[in-house]
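Asker: Start counting at 1 in the sequence shown, then tack on 626, and there's your number in the working numbering.
Keep in mind the hints are simulated off the structure, nothing from the lab. Ideal placement from N, C-alpha and C gives every residue a C-beta, glycine not left out. Take the hints with a grain of salt, since some may be wrong.
Unchecked claim - Quick list of simulated restraints, FRET-style, between CB atoms:
{"id": "1", "residue 1": "642", "residue 2": "682", "range": "15 to 25 Å"}
{"id": "2", "residue 1": "730", "residue 2": "705", "range": "27 to 37 Å"}
{"id": "3", "residue 1": "726", "residue 2": "644", "range": "12 to 22 Å"}
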Amino acid sequence: MVQQISVEDAKAMRDRGDPVTLLDVREPWELDVAGLDGAVSIPMALIPAHVDQLPRDQPLLVLCRSGVRSARVVEWLEMQGFHNALNIEGGILAWAQRLDPTIRQY
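Generate the whole structure from the sequences, applying the supplied hints.
Answerer: Rendered as structure tokens:
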């Protein structure tokens, strides 16, 4: 089962300055519509080619539009031995609805 984290808890970790990596697996055009500062952008299809760039020693918070793609990425990362990957439930849509209404929903 994929490990999950709420948008509230993910934001709190970032706000506290906890050592976390926010991995955004959406496509570049999606980031142009609605992005989060400080996120590492690697589209889902390119994750296998860039997996060596991802940290294994700190939480890896994975984000997409709604949480579906990011859950699939977390599942794949877990199979690669990443025990630090967490799916951000609801994705950028939940972030916009519950935390930051200035983020454009699409």
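Asker: Hint says 12 to 22 Å; check whether the CB-CB distance for residue 726 and residue 644 agrees.
Answerer: Holds - the Cβ-Cβ distance for residue 726 and residue 644, about 19 Å, lies within 12 to 22 Å.
Asker: Does the Cβ distance between residue 730 and residue 705 fall inside 27 to 37 Å?
Answerer: 33 Å, holds
Asker: Falls inside 15 to 25 Å, the C-beta gap from residue 642 to residue 682?
Answerer: About 21 Å separates the Cβ atoms of residue 642 and residue 682, which means 15 to 25 Å holds.
The structure agrees with every numbered hint stated previously.
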